[in-house]
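The primary structure of each chain is shown beneath.
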Amino acid sequence: MSAYILRRLLLAIPILIGVNVITFALFFLVNTPDDMARMQLGAKRVTPEAIANWKNERGYDKPLLYNATAPGIEKLTDTIFYEKSLRMFVFDFGRADDGRDIAREIRLRMGPSLAVALPVFLVGLLFYVTFALGVAFFRATYVDFWGVVICVVAMSISSMFYIIGGQFLIGKLWHLVPISGFAGGPDALRFLVLPIVVSVVAGLGASVRLYRTFFLEEISRDYVRTARAKGLSEITVLFRHVLKNAMIPILTGVVVAIPLLFIGGLITESFFGIPGLGSYTIDAIGSQDFAVVRSMVFIGSLLYIIGLLMTDISYTLVDPRVRLS
Amino acid sequence: MNAKFWRLLALFLPLAIAGCGDSPWNNPYSAADSGKNILYSSFSERPKHLDPVQSYSTNESTFTAQIYEAPLQYHYLKRPYTLIPCVAEEIPKPRFLDAGGRELPAGAAIKDIASTVYEIKIKRGIRYQPHPAFAKNAAGALIYQNLGVADLADKNVLADFTELGTRELNARDFEYQIKRLAHPRLHSPILGLMEDYIVGLKDYAKKMKEVNVALAKSGKADAWIDLTQYPLAGVEVIDDYTYRIHLKGQYSQFLYWLAMPFFAPVPLEADRFFGQPGMVKKNLTLDWYPIGTGPYMLTENNPNRAMVLVRNPNFRGETYPSEGEPADVANGLLADAGKPLPFIDKLVFSLEKEGIPRWNKFLQGYYDSSGIASDTFDQAVRFSSGGEAAVSDSMRAQGIKLSTSVAVSTYYMGFNMLDAVVGGGTDEKSRARARKLRQAISVAIDYEEYISIFQNGRGIPAQGPLPPGIFGMLDGKAGINPLVYTWDGAAKRKPIEAAKTLLAEAGYANGLDAKTGAPLVLYFDVTAKGAEAKSTLDWYKAQFARLNIQLEVRPTDYNRFQDKIRKGNAQIYEWGWHADYPDPENFMFLLLGAQSKVKNQGENASNYVNPEFDRLYEEMKNMPNSAERQQRIDRMLNVLREDAPWLWGFHPKDYALYHAWYGNVKPNKIAYNTIKYQRLDPQLREQKRREWNQPLWWPFVAGLLVLIALMLPAIAMWRRRERGTAHA
Chain Y
1 MSAYILRRLL LAIPILIGVN VITFALFFLV NTPDDMARMQ LGAKRVTPEA
51 IANWKNERGY DKPLLYNATA PGIEKLTDTI FYEKSLRMFV FDFGRADDGR
101 DIAREIRLRM GPSLAVALPV FLVGLLFYVT FALGVAFFRA TYVDFWGVVI
151 CVVAMSISSM FYIIGGQFLI GKLWHLVPIS GFAGGPDALR FLVLPIVVSV
201 VAGLGASVRL YRTFFLEEIS RDYVRTARAK GLSEITVLFR HVLKNAMIPI
251 LTGVVVAIPL LFIGGLITES FFGIPGLGSY TIDAIGSQDF AVVRSMVFIG
301 SLLYIIGLLM TDISYTLVDP RVRLS
Chain C
326 MNAKFWRLLA LFLPLAIAGC GDSPWNNPYS AADSGKNILY SSFSERPKHL
376 DPVQSYSTNE STFTAQIYEA PLQYHYLKRP YTLIPCVAEE IPKPRFLDAG
426 GRELPAGAAI KDIASTVYEI KIKRGIRYQP HPAFAKNAAG ALIYQNLGVA
476 DLADKNVLAD FTELGTRELN ARDFEYQIKR LAHPRLHSPI LGLMEDYIVG
526 LKDYAKKMKE VNVALAKSGK ADAWIDLTQY PLAGVEVIDD YTYRIHLKGQ
576 YSQFLYWLAM PFFAPVPLEA DRFFGQPGMV KKNLTLDWYP IGTGPYMLTE
626 NNPNRAMVLV RNPNFRGETY PSEGEPADVA NGLLADAGKP LPFIDKLVFS
676 LEKEGIPRWN KFLQGYYDSS GIASDTFDQA VRFSSGGEAA VSDSMRAQGI
726 KLSTSVAVST YYMGFNMLDA VVGGGTDEKS RARARKLRQA ISVAIDYEEY
776 ISIFQNGRGI PAQGPLPPGI FGMLDGKAGI NPLVYTWDGA AKRKPIEAAK
826 TLLAEAGYAN GLDAKTGAPL VLYFDVTAKG AEAKSTLDWY KAQFARLNIQ
876 LEVRPTDYNR FQDKIRKGNA QIYEWGWHAD YPDPENFMFL LLGAQSKVKN
926 QGENASNYVN PEFDRLYEEM KNMPNSAERQ QRIDRMLNVL REDAPWLWGF
976 HPKDYALYHA WYGNVKPNKI AYNTIKYQRL DPQLREQKRR EWNQPLWWPF
1026 VAGLLVLIAL MLPAIAMWRR RERGTAHA
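Line order of the protein sequences matches chains Y and C. Using the working numbering, read the first sequence as starting at 1 and increasing by one per residue. Using the working numbering, read the second sequence as starting at 326 and increasing by one per residue.
Misleading hints may appear alongside valid ones.
Restricting the straight-line Cα-Cα distance to at most 20 Å, the calculated cross-link-like pairs of lysine to aspartate or glutamate (DMTMM-like) are [said to hold, decoys possible]:
hint	chain 1	residue 1	chain 2	residue 2
1	Y	K172	C	E1011
2	Y	K44	C	D521
3	Y	K172	C	D547
4	C	K531	Y	E57
5	C	K922	Y	D35
6	C	K542	Y	E105
7	C	K534	Y	E105
8	Y	K55	C	D547
9	Y	K44	C	E928
10	C	K527	Y	E105
11	C	K607	Y	E105
12	C	K448	C	E643
13	C	K607	Y	D144
14	C	K922	C	E953
15	C	K361	C	D888
16	Y	K55	C	D653
17	C	K527	Y	E49
18	C	K866	C	D771
19	C	K534	Y	D312
20	Y	K230	C	E1047
21	Y	K172	C	E943
22	C	K726	C	E943
23	C	K534	Y	E57
24	C	K726	C	D979
25	C	K531	C	D551
26	Y	K44	C	D888
27	C	K532	C	E520
28	C	K545	Y	E57
29	C	K924	Y	E57
30	C	K545	Y	E83
31	C	K606	Y	E57
32	C	K606	Y	D61
33	C	K889	Y	D34
34	C	K754	C	D547
35	C	K480	Y	D101
36	C	K545	Y	D101
37	C	K991	C	D653
38	C	K606	Y	D98
39	Y	K244	Y	D222
40	Y	K44	C	E370
By construction, these hints were calculated from the structure, which means they are not laboratory data.
Let the hints inform the model, and build the full structure from the sequences given.
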């Protein structure tokens, strides 16, 4: 398995380079270094000299990918792509366009992102499995029918609706928690309740339907029929046999999401005022801050690759028949 | 399981309640701050810069204007906007010199004036806010001025520097700041402008650039540059409390710039402190931790969450103004006359990116004031039968007050004068034809309707580029644009027939080219997209269609839009301008030939050139506000109205809501250092917050009971099934 993991890690390098190239190309298709300079220098009274100085100071006055005027290898290294993107492979993210150190900002914002994303992940998993099990338990009854109807309806509603509705009901009408905001330490709990509840409810429909399908598939297997024939109660069958086997596809599906918890949620963080990495990314896109955008895409890609690797490993742990070679 | 559930609940509830203390559960602030004299506001976009040489945006001024003090400021209550001394002793009077350096009498001809000298005397005894850059040891040496990277190991925020100090403001700090305008790494947005006026600044910037390049070549790209080593010819320090600024020629508007943070003092110690190795890596910069002599100092800079300013203990003791407009007495705005400023102890600005939570928190009493978005306008405002805006009944029940003011801004639709169809090309005949076309469109586009539909009535149709409150803009009949309006007790837009006549004179009768018979198609370059913008754009199309002109909308992103404007590839576009200072020059220059966007990368996006207008501009620019100046402005407006390079659009009205506990509020659209004049009644706020935010638990209990009731039949069914006999 070590050889497999090593091979997958080495394969990650060309993938990350590819992601970098695509991010770079997409970003500079829409924004030129001049646009970036204007965004930073403001809309009023900006002179061409000021723009040239800004670009020069930050190295954005170089060619994007190929420097025809440079000698030898510098044709490739004396470019924006080489200087801005490839340094990230040693986790040197540089500075944002406003001069702030990106690595430091990421470290600061990771905590608030995790404070929301981790409970949403854990509580969500618990709720979704419980509800799906309940629906499967009452299969072919009105509970199952209406459960599926509610799930389909819930899936069809935009996440924005849950956020605004949640803020309106729980924060504005019932006055139970702050509508938005964040605080450090134990005081954060008051601010986290609403985004966690809203995020869990927003994901309920799709997840419960999916997990219900896993459970029903297991329920129809021969070993379940055998267990019932032995006289086991339905609850015992469900919890001792069905749940255990249905957890294999569920767990392998959720493991991939674990590393991505660090980068937070874009819309949730923005609406609830959570100072995490999701809102950092949104801000960077809005302000055309390429340094931050490329860093966040790089981290997102890296975490996704790690997530996929963890998924493969988790297969071997939950299903002894699987071997990585 | 039941026991476990109740145990968990018992654990969670005290935690939640403990977090809230005895204040409302939905209180987003610390319970310990309840009832304190703290202003709560919000910001939606993190400020890019807090360094006074770089900061130029309105959202940044919200913070910088409370911290920095420039030599001059605007009177809080007087209108029209009036400059008064801030840290300066008095408004400096210009001394005009000829080419030989001889002093000229006041009122000398502009052509004779080779340079102008402003001598600025500053008040004595003003001290900076407590700051580590000034901290001294027992021997009187600065503690934090020779730090190495290792010394910063445990320093991550400014508060980690425990020793603080202060010192008296002196004239050299102003000189230092003016030099910083030319700092090669700071990119001041006004450097280009000031290089044209401040003697020697251009050469100074060039020299500093060379110094910077030399440092970079020697591997010290981040090394601090000691600006004091390089003299600047245009600034002269006479003594500790006096300095002079030498300007090329005459530039009367310079006084307004002296009221902006660009000219606020920065102490050398602070610049050197933040310039030490390792500081930038730790995000310890002047751009992040401003230092000033103003009424407040920034104690928490976390634009990801909140910006907190507290009262500067060293503030100089300014008092509340004792004169204003006649209505100010009736409105209670002079009740605090002569009292020391500021009234509020602490300012908390929370990051609130989205409008809905911001609005709801205002209604709950957690923000002291709020703007009004278009989707909440009907909830907040109603109009009386006389057209007067007032708060709605629900707002009034909460004691909320409405404040309205016309912004010193203008939103216009511009024609690119380099375009052959709307600009007219090179020969006089084509230009005359294009002029008629622009005039026809000016009459046809009904901005009264636009304001009513899309601005909720918040705006006034513009009669020219000058908004109300700016010298030169006349009210009543004298101020109307006669090309578009007639006077019938009020300005009345001419009928569409008048526009059609002008269109026919332009050679496009009924929207068809008289020569070719082809329909007239015009192109509107916009950045607006999405469903909300579609209705606006459809409205524009319908307005042009009244003249049988087909309007093709060319939506694009803002970058490409700017690119089109810079290269002169747009035909018709929409843009706006907010005044830097309350002088007609600040609007008229937007149409000055020398400011042409394509030719000179200036601010004249229409590339409009009219020698007569340019000549009048040069005459008007440096005149004091007088009948003579008004006469020049009237002539300039006549030229502009005739040429119609813009559809003059509208001047927006700002509506703001304030809670009953927020006092001394008078909208000021030019100055941003106004919080020091405002006051709060924290006890009333606390009482209202408690009243408005009583928690409601019953919906949860009811929901739980409904869920149980719905599950009971299913459980019964399951029990029957479990106990039943198996069937084959």
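Results for each hint:
no.	hint	verdict
1	Y:K172 / C:E1011	holds, 17 Å
2	Y:K44 / C:D521	holds, 16 Å
3	Y:K172 / C:D547	violated, 50 Å
4	C:K531 / Y:E57	holds, 15 Å
5	C:K922 / Y:D35	holds, 16 Å
6	C:K542 / Y:E105	violated, 30 Å
7	C:K534 / Y:E105	violated, 30 Å
8	Y:K55 / C:D547	holds, 16 Å
9	Y:K44 / C:E928	holds, 8 Å
10	C:K527 / Y:E105	violated, 36 Å
11	C:K607 / Y:E105	holds, 10 Å
12	C:K448 / C:E643	holds, 11 Å
13	C:K607 / Y:D144	violated, 57 Å
14	C:K922 / C:E953	violated, 30 Å
15	C:K361 / C:D888	violated, 50 Å
16	Y:K55 / C:D653	violated, 50 Å
17	C:K527 / Y:E49	holds, 12 Å
18	C:K866 / C:D771	holds, 12 Å
19	C:K534 / Y:D312	violated, 56 Å
20	Y:K230 / C:E1047	holds, 14 Å
21	Y:K172 / C:E943	violated, 57 Å
22	C:K726 / C:E943	violated, 44 Å
23	C:K534 / Y:E57	holds, 11 Å
24	C:K726 / C:D979	holds, 14 Å
25	C:K531 / C:D551	holds, 15 Å
26	Y:K44 / C:D888	holds, 15 Å
27	C:K532 / C:E520	holds, 13 Å
28	C:K545 / Y:E57	holds, 13 Å
29	C:K924 / Y:E57	violated, 26 Å
30	C:K545 / Y:E83	holds, 19 Å
31	C:K606 / Y:E57	holds, 17 Å
32	C:K606 / Y:D61	violated, 23 Å
33	C:K889 / Y:D34	holds, 13 Å
34	C:K754 / C:D547	violated, 59 Å
35	C:K480 / Y:D101	holds, 15 Å
36	C:K545 / Y:D101	holds, 19 Å
37	C:K991 / C:D653	holds, 9 Å
38	C:K606 / Y:D98	holds, 13 Å
39	Y:K244 / Y:D222	holds, 15 Å
40	Y:K44 / C:E370	holds, 18 Å
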